[in-house]
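For reference, the chains in residue letters:
There are 4 protein chains.
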Amino acid sequence: MLKVGLLGAGRIAGVHATAITSHPGSSLVAVSDINTAAAQKIAAQYGAEVRDTDNILQDRTIDAVLIATSTDTHSDLIERATAAGKAVLCEKPVDLSLARARACQEAVASTGCPVMIGFNRRFDPNFSALKKAVHAGEIGKPELLSITSFDPAPPPVSYIKVSGGLFRDMMIHDFDMANFIMGTAPATVTAVGSSIVDPEIGGAGDVDTAVVTLSYADGRIAVIKNSRRAVYGYDQRVELLGSDGLLQAQNMLENTVVKSTTQGVTGAKPTYFFLERYMPAYAAEWAAFVEAVDGAKPLPVTLDDGVAALAMAEAATLSVRTGAPVSIASLIG
Amino acid sequence: MLKVGLLGAGRIAGVHATAITSHPGSSLVAVSDINTAAAQKIAAQYGAEVRDTDNILQDRTIDAVLIATSTDTHSDLIERATAAGKAVLCEKPVDLSLARARACQEAVASTGCPVMIGFNRRFDPNFSALKKAVHAGEIGKPELLSITSFDPAPPPVSYIKVSGGLFRDMMIHDFDMANFIMGTAPATVTAVGSSIVDPEIGGAGDVDTAVVTLSYADGRIAVIKNSRRAVYGYDQRVELLGSDGLLQAQNMLENTVVKSTTQGVTGAKPTYFFLERYMPAYAAEWAAFVEAVDGAKPLPVTLDDGVAALAMAEAATLSVRTGAPVSIASLIG
Amino acid sequence: MLKVGLLGAGRIAGVHATAITSHPGSSLVAVSDINTAAAQKIAAQYGAEVRDTDNILQDRTIDAVLIATSTDTHSDLIERATAAGKAVLCEKPVDLSLARARACQEAVASTGCPVMIGFNRRFDPNFSALKKAVHAGEIGKPELLSITSFDPAPPPVSYIKVSGGLFRDMMIHDFDMANFIMGTAPATVTAVGSSIVDPEIGGAGDVDTAVVTLSYADGRIAVIKNSRRAVYGYDQRVELLGSDGLLQAQNMLENTVVKSTTQGVTGAKPTYFFLERYMPAYAAEWAAFVEAVDGAKPLPVTLDDGVAALAMAEAATLSVRTGAPVSIASLIG
Amino acid sequence: MLKVGLLGAGRIAGVHATAITSHPGSSLVAVSDINTAAAQKIAAQYGAEVRDTDNILQDRTIDAVLIATSTDTHSDLIERATAAGKAVLCEKPVDLSLARARACQEAVASTGCPVMIGFNRRFDPNFSALKKAVHAGEIGKPELLSITSFDPAPPPVSYIKVSGGLFRDMMIHDFDMANFIMGTAPATVTAVGSSIVDPEIGGAGDVDTAVVTLSYADGRIAVIKNSRRAVYGYDQRVELLGSDGLLQAQNMLENTVVKSTTQGVTGAKPTYFFLERYMPAYAAEWAAFVEAVDGAKPLPVTLDDGVAALAMAEAATLSVRTGAPVSIASLIG
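Protein chains in written order, with the working numbering: chain A, 1 to 333; chain B, 1 to 333; chain C, 1 to 333; chain D, 1 to 333.
Just chain A, same shape as in the assembly (with noise of 0.2 Å):
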């Protein structure tokens, strides 16, 4: 059984929570955030203790740490957790330093501990179908891969003015998901970006719509689309080319009702966002962690993971200002 301690008590801390307790394998046993009322409710609820972080990288009772507190402190509790023994499972993106994560890296590195990075896409059903697929060969050599993902609706300026933009924060899903599929990170990124859905975004010096392409050395392309809003849900789809044929993993539903009348036939929406979206695929992601720790298989993501993704990020945001590609290399050579 697997003892855990849960670092911040926001909104998808309490998904983490459900997807620890729920597991047959792990048990949470204490609960830390600054807001001390949010990390209460957690507790009562699943029946863990508030304790502060200190507290819990001390006791040598808990095995693993999950991280999921705000993006500015996951590099120091990382190397905290790794420092003090803990197998780590942290919410994305590392950090919106690059030079910090790479930092962080070398750190844990000669801890020897276990740290995955919580790019929940990799284990949602749809996605790994599809990553399946193209690993069985089923349409041969992939060429040409496409990423669409839109959220439902723009965050508040506030909330885009410290998060690091739409490719640190966004898009780095699909990076991820990118390098996910294809197996490898690409050669060079070009972006281009414009802030169309809300001129406050492009105020505030961030991009709300963007196409990225990506150039692999082998030839391959991929080429990734973000839009901060599509009004009928969370779309999130995923196609590959390949030389024997196409995969598409497409959007869910809320539900499978079609109504033919005479202005359409017309069917339900995709599914909101990403709560409605991959709730299977955080307790998915959860058991991958525990599988990991427990030696049974390697894990699934890892540190180095997000470092490429958030390497990805930097070269779309230099891109994106320059209009001329940035090569990966020339960011972590």
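Take the hints with a grain of salt, since some may be wrong.
Each pair may be met inside one copy or between any two copies, as identical chains are not told apart.
When the alpha-carbon atoms are kept at most 35 Å apart in a straight line, the in silico DSBU-like pairs for lysine-lysine are as follows [unchecked claim]: (1) LYS141 with LYS161; (2) LYS297 with LYS41; (3) LYS297 with LYS141; (4) LYS297 with LYS132; (5) LYS3 with LYS132; (6) LYS3 with LYS297; (7) LYS141 with LYS3; (8) LYS41 with LYS3; (9) LYS161 with LYS41; (10) LYS297 with LYS161; (11) LYS141 with LYS41; (12) LYS161 with LYS132.
Hints in this document: simulated from the structure, not taken from any laboratory.
Start from chain A and add chains B, C and D according to the hints.
Showing chains B, C and D alone in chain A's frame:
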């Protein structure tokens, strides 16, 4: 907090145990089963006690029982539990004998205890969305209902022999679905059936493929198709033609991945069977029971509904033998 | 080059005129109609002459006639045309009277002339692909066939009164489709019907909504659903469950555009009615007729097929009145 | 009645000949081709004469010419035909050289003759329905356009060498589609491409897989994906995200049959190539040309549109070599 005793510890009892313990307003206190090992397994997993049925029914601190025993015990247990003042959620069907079920109905009436029959499909998010759309008048006046309901594979013939036959065991769900969607029982039932999937089923006196047509007093018509075998998975669809359009509840698929090759465009199969398809429905069913016992809402499925569906099953059994329509009034006047 | 006379100049005659003139192996020589203006219009458009029917039948240079007159003239014209040595393609149904159609069948037999009945749906690319897949054994042994066939709007009651009723006028297409897919006629026909779309249709002694179940000697079952009104367009679907899977021929849609908004995901309606849906089928039907007359292939739909469908319509008409199954053998022994 | 001369007698000329002769308002008078046998074949089939091009252009009774010759002759023939006072429908592209096309544009301007470029996809019922919905404001303000356009198989490398390359030969359709949907040309073009399908294509200096991003002055973005090989058929999809929703024009399928087996749920492939997919579009294109020449409506695609698409092809060709965005203004100021 509703304290619950679980009668029966088979596979479906396990599903209910999950629903009971996951619900914030109910807790599982005790489990009984003639198979003690099975009862012990569930009790251990969900933190309940193994007791015998008498003990559970006599325990005044237990508010409700969930009956998930074999069909031939349902009427007796419903009567004993309501006599003991318990609220009851009983798996379908009420009984194999319509006469016995009607006697049970009378016995229960005097106790005033809520008795809900476990027609789980009413709580499937797709069928309940369809029902809601009908109720909202989205397709005008209902005229012609079609229910397709195929199992992935036939049960063993040994089960067929004690199941009461296809109409009482399998199509009873569809009879209830028709009543749920149409809002009233039909006037007559006309059934055609054959044993074409497995001759041994015919040898046991049952059919494995059937089409039943329901005629309503106001001219509406419903048709139910059943087969014991659809090799591609559990096929569970409902469609309703109305004066202003058509509503269809389509199958749930295993995932959303679609592959296009020289062989065609291939998507995932429907979810395999009722556990895969209806797991969310079991949780919603339990939540509705808790809500009704708490008095917040009326019982969504009553013992009367159970008797009505059973009468339709009896009518279909008669009709398939005689070839003639059977009026429901001739059975339950 | 097959020289063709067209008997009748109504709307469907125009469709056939296009098929005849577009086919490289046939030419339209003459048109007749009691409505001379209609005949002149078609003749002018397609470069043919207006003649009277006798003249066309006596013209030895005319090889074939297409009969697209009113139903009550079909049997007479088939007999006269074959007596004159013409090959015949006659619109369905052969006749409203089964006895008259059988007499026609006998009369034609002695002439040796090919007579094809215009069951155009057999030539729809979707239904013919389904048939081909069945024939290739792609779903194993057929077990349960379902045909959904809804018109977009009911015809005028004046038409209902002379049409022979829903079973002879509308469902006759579906009876033939069942024979086409199943490869044999059923043993018995059980019909349920009502007048729920338009009470005037009931007043005229007909039904507008019907479910007919066909039982085959070997245990297979088919069910046909008809409604005179599906406001969203022409609903023409076939599905067949077999021992190894399910085949479905779905509706053709007006276009492939899908719109996702806060209101849901909306696609185009089915094509509106038979002219929109079956235009390619009429061309394929004519091509098959030319091929058969040329001796390259056997007739794909025979007068026997027309009589078989008519017998099923008569059986359904009887069954809906009596409530009892009607055996086909009792009608055509 | 518009009298038409057809210049060229290859495969696409045959498609146009069908459209011209099927239209009630036009007739095909003459055909010319340096391959006399090909010209004779078309002339015989459609009742036209074989003549040489000079003769056709000098014949005052001929109102319009359809130019379906090899690309390197287009500009010359457009100039000669308009100098002779003919209305012109010319196959795309106008020319492989942007400079030559612009000279042609100037030469034509002084004649006042209508010149339409054959961007047939604008007349596809799916894309035109999408355009109509955009124009009607059904998804609000357009923001992000995606065009997927894959051929089923690469052409011979011998063709690649004279085609002007993927951008001028294949993606030019998609550039025009972007202009059609977005209503204006982009400001800059950023292209990424590689030769991954067939190394010989790379050897010939071309790419076979490409992603081109278009940036518009107002912040809108479009992305076009091309591949020379999609083994499952012609993949032609457009999707447009707007402030109020998403519009998608999906592929046409060979038929509507769906098969469910233990292997999954399989439907038909997309129609194989442009003749299968766009046959209705060619007829609609010709009808729109006739309507415009008659003065009933403005020309739906102009020579300016042809030049605009060609400029985008030239920009993409430059960008794929340099890696940098290319501004359209730098090419056609």
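Right, here's what the structure says about each hint:
Only between protomers do LYS141 and LYS161 lie at most 35 Å apart by alpha-carbon distance; the minimum there is 26 Å, versus 41 Å within a single protomer. In the homo-oligomer, the alpha carbons of LYS297 and LYS41 lie at most 35 Å apart both inside one protomer (34 Å) and across protomers (28 Å), since each shortest distance falls under that limit. For a Cα distance limit of 35 Å, the shortest separation of LYS297 from LYS141 inside one copy, 26 Å, qualifies, whereas the shortest one across copies, 45 Å, does not. Taking the shortest Cα distances, LYS297 and LYS132 sit within 35 Å of each other inside one copy (16 Å), while across copies they are farther apart (46 Å).
In this assembly of identical chains, LYS3 and LYS132 lie within 35 Å of each other by CA distance solely inside one copy; the values are 31 Å within and 44 Å between copies. When the C-alpha separation of LYS3 and LYS297 is checked against a cutoff of 35 Å, the pair qualifies only within one copy, where the shortest distance is 19 Å, while the shortest distance between copies is 41 Å. For the identical chains of this complex, LYS141 and LYS3 are neighbours neither inside a copy (43 Å) nor across copies (51 Å), given an alpha-carbon limit of 35 Å. Within a single copy, LYS41 and LYS3 get their C-alpha atoms as close as 19 Å, and across copies as close as 24 Å, so both meet the 35 Å cut-off.
Proximity of LYS161 and LYS41 under a CA criterion of 35 Å is satisfied intra-copy only: 29 Å inside one chain copy versus 53 Å between copies. Taking CA atoms no more than 35 Å apart as the test, LYS297 paired with LYS161 passes in neither setting, with 39 Å inside one copy and 46 Å between copies. When the C-alpha separation of LYS141 and LYS41 is checked against a cutoff of 35 Å, the pair qualifies neither within a copy, at 50 Å, nor between copies, at 43 Å. For the identical chains of this complex, LYS161 and LYS132 are neighbours neither inside a copy (38 Å) nor across copies (38 Å), given an alpha-carbon limit of 35 Å.
Against the hints set out earlier in the document, violations occur for numbers 7, 10, 11, 12.
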